[in-house]
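Asker: Sequence:
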Amino acid sequence: MMWVEDWAPAAACRQAQPDELFVRGAEQNKAKQVCAGCPVRTECLAEALDNQIEWGVWGGMTERERRALLRRSPAASWRSVLEAAKAGHSGALV
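Residues 0 to 93 (numbering that gives the first Met the number 0) make up the sequence shown, in order.
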């Protein structure tokens with residue numbers, strides 16, 4: 000799979016209301032389901048991690064999950080990490 004630069008128009012959540020994605024508690028699981036089949040989930044997650052976006056569900060992760068990941072595995076560029084992983088994953092399928 001190729002990396003999508005202009006990912007937002009292809010996002011599964013593009014038609015969702017913002018208050019559906021910026022929720023707390025159990026409602027976050029419902030928001031994460033929107034991300035489950037999204038074709039640009041990885042790009043969205045990279046955006047949130049690289050810009051340390053503190054609110055909402057991005058790329059299938061809550062703000063708490065993203066904070067924990069950033070603490071455990073700091074990276075200068077999550078985009079680079081995730082882009083390489085995405086490229087390697089698609090290569091394994093061929």
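Incorrect hints may have been included.
Here are the in silico distance ranges between beta carbons for each label pair [as the list claims (entries may be wrong)]:
hint, residue 1, residue 2, range
1, N50, A15, 28 to 34 Å
2, A74, E19, 14 to 20 Å
3, E64, P38, 29 to 35 Å
4, N50, R23, 19 to 25 Å
5, F21, D49, 17 to 23 Å
6, W54, A11, 30 to 36 Å
7, E4, G24, 29 to 35 Å
8, A84, G24, 16 to 22 Å
9, M1, E26, 31 to 37 Å
10, R13, D49, 17 to 23 Å
No lab work stands behind these hints, which were simulated from the structure alone. Built from N, CA and C at the ideal position, the CB exists for glycine as well.
Asker: Against each hint, give a clear statement of whether it holds in the structure.
Answerer: Hint check results:
no., hint, result
1, N50 - A15: 28 to 34 Å, "violated (20 Å)"
2, A74 - E19: 14 to 20 Å, "violated (29 Å)"
3, E64 - P38: 29 to 35 Å, "violated (21 Å)"
4, N50 - R23: 19 to 25 Å, "holds (21 Å)"
5, F21 - D49: 17 to 23 Å, "holds (19 Å)"
6, W54 - A11: 30 to 36 Å, "violated (19 Å)"
7, E4 - G24: 29 to 35 Å, "holds (34 Å)"
8, A84 - G24: 16 to 22 Å, "violated (30 Å)"
9, M1 - E26: 31 to 37 Å, "holds (33 Å)"
10, R13 - D49: 17 to 23 Å, "holds (20 Å)"
In the structure shown, a violation is registered for the earlier hints numbered 1, 2, 3, 6 and 8, in ascending order.
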